[in-house]
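Trainee: Listed here are the chains, written in short residue letters.
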Amino acid sequence: MKISDYEKIVGSETIHELTLISRKLARRKIQCINSTRVGGGVAEILTSIIPLLNDLGINATWDVINADPSYYNVTKAFHNCLHGKQCEITQAMFDKFVSTGGAIIKETKIYGDIVFVHDPQPIMLIENKGKGNKWIWRCHVDVSNPYMEVWKFLQRFIEKYDSSVFSSPKFARDLQIPQFLIPPSIDPFSEKNRELTRSDINRVLDKYGIDKTKPIMAQISRFDYLKDPVGVIDTYKLVKKYVDCQLLLIGNRAADDPEMEMVMNDIMEKKGNDPDIHVLLIEPDQNDLDVNALQRASNVILQKSIREGFALTVTEALWKSKPVVASAVGGIPQQIRHRYSGILCRTIGGAALGVREILNNPEYGARLGKNGKEHVRRNFLSTRHLRDYILLFLQLYNNEDIIHL
Amino acid sequence: MSSWNKRAKNPFQFYTSLKLLELTGKKAVNMRELVEIIKDIPGSSIYYHTHVFLQRHQSFSPEPPNAFAYWASHVLGEYKLGEELSSIDICEFSSIRELREKIIKTIENHLFENKSQIRYAPEGREFDFIKARSFVVPTGFSARNLKEFVGILGKITIHSIYFHIFASRLRIEKDMNDFSFWIDTSAGEPELAKIIASLDPYSFTMEGLRRKIISLITRWSSRR
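Line by line, the protein sequences are chains A and B. Just so you know, we're using my numbering here: the first sequence kicks off at 1467 and counts up by one. Just so you know, we're using my numbering here: the second sequence kicks off at 2 and counts up by one.
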């Protein structure tokens, strides 16, 4: 997509502002680095943002680190620990992180004037910091209540960066470097978010054998304990007592997620033989279109996470004007104002009550969805994200509170 | 020549202001902590928390743009204090320093009257102090008369309107908003300038404020 294509959604004046500030970065090379090109919110955002930065005349590139699967087992454990989950981290795991980190440093060529590193997997690259370039670490994880041993281990790398970025005010830590707040975003033109026809949607429902006559409640997430898929089934069972509906639990397999098999076993055990519970493991190459269609087919979207980063699945659902019932964790309260643009919950009972209210009052659900879409349009689309990133890069060279460009 | 087409002494240059939010790492769990942090936090944080909802909730109904008031009412359940904070008339203050003092005084009075009742925010609902770095950029648009001014006002972003109405007056400490200043001193319409200066911009949504200013200037010009 071209940046000009976004005019019809956000207005030409917003695109004009992006053009104005982009000119100030014309001579800088921006190098983004993360751990995977597919699966998960970070890859999706970079897929959308990098071409748009380029279209604005900014020299931005995207590199992905290489590591063996056992490294990702360690980083997954770190990820869970940062989210505050009970975990056991051994010295061998720290050693593995450092040894693989060393190999990643050797293999990764650093050429950016600004090096923009995402999440803990490539964090050790900071050891390659030269005198002439600026480094930013972007944390996509909810670190509001981390397991301190892991956080302290990472902190010694983080504080070597020039700036850090978090997705929610709740994730701010005691750091010696500036911490910026940049919520992530969705791309309205991506395969996962573009408009679909009714027949596109029906084709996907038929493919997965979904009943078109029964109301649908759905949760779209990685199959991960932190997304509480078992709690979602409990929620569905409470709703099902009063409303004859069906539940879709939809996920895909991300390249760096070794925990999924265990979660799936628990889900299938909880599901039992209820034919109205559909557990859909979507192949990566069909993920985006199918998720788009299934979200649009749903009457209510759930996000009953125990911990969250920003929860882009909520953003996607709101953008499709869907009423959302979601836990008040991570970045979700930034997106949903309770009973204005969705329903916030803290318990299985609360989630079930919210779903019942929406299924029994479709006009109420439509109102929540409409407000949610407008909130996303103004605050959580790629264009706002682009603006924040450009300002983030510019602040590296300007230290004042009021900067005249 | 009508005031609509009358050439101004100097053109009005439209700027815009874009914000990057910075986390300070400071958080409060009750009003005592909040007021102590307010005493020391940078002015850019006070400014941010007293204006935050103006740009974020542009489409929502008009509401007090004051995050301290929202937290007092909706998190601590201190509705009276919340109302007192939200009804602070920001237009009356010409500097962040004065506004900060008023907020401190309001909270300290409340604490004095309610010594025995300290309410705590539940976990996860603490008040997180944020400050904003503002990037001021010329938009390239300039108006030589009121007709051009209204035309540009209709197509610039709300960030630009925000800058000229709110930020320039309080954060950059000018006596009046930029629009009124130009209409008075350059376009030669002091009465119109006074009408716009006397608006209560904090009780409008940003889009509502845009429409209001355009309609005031258009009606004014049509009567001349």
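Among these hints, one or two may not hold up.
Label pairs and their in silico Cβ distance ranges [claimed, not checked]:
id: 1; chain 1: A; residue 1: Cys1553; chain 2: B; residue 2: Ile215; range: 51 to 61 Å
id: 2; chain 1: B; residue 1: Gln14; chain 2: A; residue 2: Lys1836; range: 49 to 59 Å
id: 3; chain 1: B; residue 1: Pro139; chain 2: A; residue 2: Thr1813; range: 21 to 31 Å
id: 4; chain 1: A; residue 1: Asp1561; chain 2: B; residue 2: Lys81; range: 51 to 61 Å
id: 5; chain 1: B; residue 1: Leu217; chain 2: A; residue 2: Asp1471; range: 29 to 39 Å
id: 6; chain 1: B; residue 1: Pro123; chain 2: A; residue 2: Glu1727; range: 52 to 62 Å
id: 7; chain 1: B; residue 1: Gly125; chain 2: A; residue 2: Glu1840; range: 24 to 34 Å
id: 8; chain 1: B; residue 1: Gly141; chain 2: A; residue 2: Glu1829; range: 22 to 32 Å
id: 9; chain 1: B; residue 1: Ser199; chain 2: A; residue 2: Leu1704; range: 47 to 57 Å
id: 10; chain 1: A; residue 1: Asp1700; chain 2: B; residue 2: Ser96; range: 30 to 40 Å
id: 11; chain 1: A; residue 1: Asp1700; chain 2: B; residue 2: Arg33; range: 34 to 44 Å
id: 12; chain 1: B; residue 1: Ile38; chain 2: A; residue 2: Lys1678; range: 50 to 60 Å
Hints are computed from structural coordinates only; laboratory data are not their basis. All C-beta atoms, glycine included, are put in the ideal place defined by N, C-alpha and C.
Trainee: State for each hint whether it applies.
Mentor: How the hints compare with the structure:
no. : hint                             : result
1   : Cys1553/A - Ile215/B: 51 to 61 Å : 58 Å, holds
2   : Gln14/B - Lys1836/A: 49 to 59 Å  : 38 Å, violated
3   : Pro139/B - Thr1813/A: 21 to 31 Å : 52 Å, violated
4   : Asp1561/A - Lys81/B: 51 to 61 Å  : 57 Å, holds
5   : Leu217/B - Asp1471/A: 29 to 39 Å : 36 Å, holds
6   : Pro123/B - Glu1727/A: 52 to 62 Å : 36 Å, violated
7   : Gly125/B - Glu1840/A: 24 to 34 Å : 26 Å, holds
8   : Gly141/B - Glu1829/A: 22 to 32 Å : 45 Å, violated
9   : Ser199/B - Leu1704/A: 47 to 57 Å : 55 Å, holds
10  : Asp1700/A - Ser96/B: 30 to 40 Å  : 55 Å, violated
11  : Asp1700/A - Arg33/B: 34 to 44 Å  : 40 Å, holds
12  : Ile38/B - Lys1678/A: 50 to 60 Å  : 54 Å, holds
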